[in-house]
Amino acid sequence: MSLRQGIVGLCLALLFGGCASLPFEKPLLPPTRILTTTELLAADWRAVPGGWRIRQSGLFELRGLRLPMEGFLELDNDGRRVRLVALEGLGLKLFDLTVTIDGVEVHHLLPDLAKDPRLAEAVAASVRRIFLAPRPDAGDRLEIRKRDYRLTRPGGERVEFLFGGEPPLLLETRVRGAAGDWRVGYYQYREAAGVPIPEGILLQDRRAGYRLTLWLESVKRVEE
Amino acid sequence: MKYLLPLWLLLFVFLPLAAWAEEDAELERVLAGLKVSAAGIETLASDFTQEKHLEIFRETLVSQGRFYFARPDKLRWETTAPVASGFLLNGSGGKRWHQRAGAPVPFDLGREPGMKLIAEQLLAWARVDLDWLKERYHLTLVGTAPVTLRLVPRQVAAKQYLDYLLIAFDAKGRHVASVEVHEQGGDYTLIRFDAAVLNQPLDPALF
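So the sequence lines, in the order shown, correspond to chains Z and U. The opening residue of the first sequence carries number 122 in the working numbering; numbering runs sequentially from there. The opening residue of the second sequence carries number 3 in the working numbering; numbering runs sequentially from there.
Mixed in with the good hints there might be a few duds.
Claimed, not checked - Below, simulated DSS-like cross-link-like pairs (lysine-lysine); rule was C-alpha separation at most 30 Å, straight line:
1. U:Lys174 to U:Lys136
2. U:Lys37 to U:Lys161
3. Z:Lys236 to U:Lys97
4. U:Lys97 to U:Lys136
5. U:Lys136 to U:Lys76
6. U:Lys76 to U:Lys37
7. Z:Lys236 to U:Lys161
8. U:Lys76 to U:Lys118
9. Z:Lys236 to U:Lys118
What the hints assert, rightly or not - Across the chosen pairs, the derived CB separations fall in these ranges:
10. Z:Glu264 to U:Ala160: 50 to 60 Å
11. U:Asp196 to Z:Ala299: 53 to 63 Å
12. Z:Arg327 to U:Pro115: 26 to 36 Å
13. Z:Ala254 to U:Asp49: 36 to 46 Å
14. Z:Glu338 to U:Glu28: 41 to 51 Å
Unchecked claim - Which chain U residues stay away from chain Z? Per the calculated CB distances, all over 10 Å, these:
15. Glu61
16. Arg176
17. Glu185
18. Asn201
19. Pro203
These are computed hints drawn from the structure, not numbers from a lab. Glycine is no exception: its CB is placed at the ideal position from the N, C-alpha and C atoms.
Make the full structure from the sequences, and use the hints.
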């Protein structure tokens, strides 16, 4: 398989896309306490005003294919957008995209990769799920369980957000419905500029059959 | 007035041509010198630091590792931080690995054009294979102490993602000391080779 085939395979897989062990520690979940939806919303690191610069490595898995990757992104929580650059081993830029909650702008795409028009949309879909949308909001219904807090969105599609730990932090987003069947888990929170940020993220798309694991190698607050 | 045309010709045609001819001759002298200096290099081991300069983020991503070369066609490119990854090449095949992907995976250059491209570049730098480089790039001499060359790709396909390379040699012209890979759009990657050890036996297990 060539580099190009591998990358295109990755991106196609993001569209059409397993099961494997979890490379992160599962969170300890102490008994819950009385909390409001507003307090939980504030615990979503993606809702903290400002922006983050994140260097990440990742692994994409689909039916035996295991494709590692490295890159850099800027998450703008206020503008709800992500600028993402993916790099190959010697530093060559594979692609450079801006992803918003409803679109994607391609700034650079290696010519070989540009031959597949679905690539940008495929990458954007994963980035959007992990960093941008859906996010919990004040209209979600709160259920306080023994070990976690669950926010459920009213409506046809099943959209849930699980919080847990002390203080409670976003642990998982689950979506199941006509638009897809996927979940994103956030693991091993550590503080960056005083804000708990996950060190590991796992996106599993059951319908497409793929799994994307991200390790956030370094996280910095954007200083304007 | 009748002297103006010949003067113009002298100033704008013949003088630049003469200058270019002089530059070409200087380049050929330097390249010939590099060929002689680098000819005796059988093995090379060095640390490397790779800096990726991303224009849009005003950010530099730094990676570090080790590089090994044994003539004619053995390479090991091993990034150790922040994430362990790399590949080794022995002839037309090898293995690559990545901390995030688990066990090393074998590859064959005949089947992987992307890997072949990277391996050929590294081999050309390590061997100081100037003929190979001249076939693929327009070479310009940027400096002589140390020798620094600017390489602009000849092929249209390569120009789509590569603006130019800047290759600097060590003070004695025996090996490449740094490579800057400039992409279209302003981003560039600087790879610096430090603490180079030449012609020392390398553990066969490295390849």
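Results of checking the hints against the structure:
Distance restraint check for Lys174 (chain U) and Lys136 (chain U): the Cα-Cα separation of roughly 21 Å lies within the 30 Å cut-off, and the hinted pair is therefore satisfied. With a C-alpha separation of about 27 Å, the suggested pairing of Lys37 (chain U) with Lys161 (chain U) holds against the 30 Å cut-off. Restraint check for Lys236 (chain Z) and Lys97 (chain U): the C-alpha separation of about 28 Å stays at or below 30 Å, so the hint holds. Taking the CA atoms of Lys97 (chain U) and Lys136 (chain U), the gap is near 29 Å; set against the 30 Å cutoff, the hint holds.
Distance restraint check for Lys136 (chain U) and Lys76 (chain U): the Cα-Cα separation of roughly 22 Å lies within the 30 Å cut-off, and the hinted pair is therefore satisfied. Restraint check for Lys76 (chain U) and Lys37 (chain U): the C-alpha separation of about 20 Å stays at or below 30 Å, so the hint holds. As the CA atoms of Lys236 (chain Z) and Lys161 (chain U) are separated by approximately 17 Å, the hinted pair is consistent with the 30 Å bound. With a C-alpha separation of about 13 Å, the suggested pair Lys76 (chain U) and Lys118 (chain U) falls inside the 30 Å cut-off, and the hint holds.
Between Lys236 (chain Z) and Lys118 (chain U) the alpha-carbon distance is near 20 Å, which keeps this suggested pair within the 30 Å criterion. Between Glu264 (chain Z) and Ala160 (chain U) the CB atoms are about 58 Å apart, so this pair conforms to the stated range of 50 to 60 Å. Asp196 (chain U) and Ala299 (chain Z) have their C-beta atoms about 56 Å apart, which keeps the hinted 53 to 63 Å range intact. A hinted range of 26 to 36 Å holds for the C-beta pair Arg327 (chain Z) and Pro115 (chain U), which are about 34 Å apart.
Between Ala254 (chain Z) and Asp49 (chain U) the Cβ separation comes to about 43 Å, which falls inside the hinted range of 36 to 46 Å. Checked against the hint of 41 to 51 Å, the pair Glu338 (chain Z) and Glu28 (chain U) passes, with Cβ atoms roughly 45 Å apart. Its closest Cβ contact with chain Z, about 6 Å, brings Glu61 (chain U) to no more than 10 Å, contrary to its assignment away from the interface. In this structure Arg176 (chain U) is separated from chain Z by more than 10 Å, as the shortest Cβ-Cβ distance comes to about 23 Å.
A Cβ of chain Z approaches the Cβ of Glu185 (chain U) within 10 Å, the least distance being about 6 Å, so the stated non-interface status is violated. A cut-off of 10 Å between C-beta atoms confirms that Asn201 (chain U) is not in contact with chain Z; the least separation is 25 Å. With a cut of 10 Å on Cβ distances, Pro203 (chain U) stays outside the contact zone with chain Z, its closest approach being about 27 Å.
Hint violations for this structure: numbers 15 and 17, all remaining hints satisfied.
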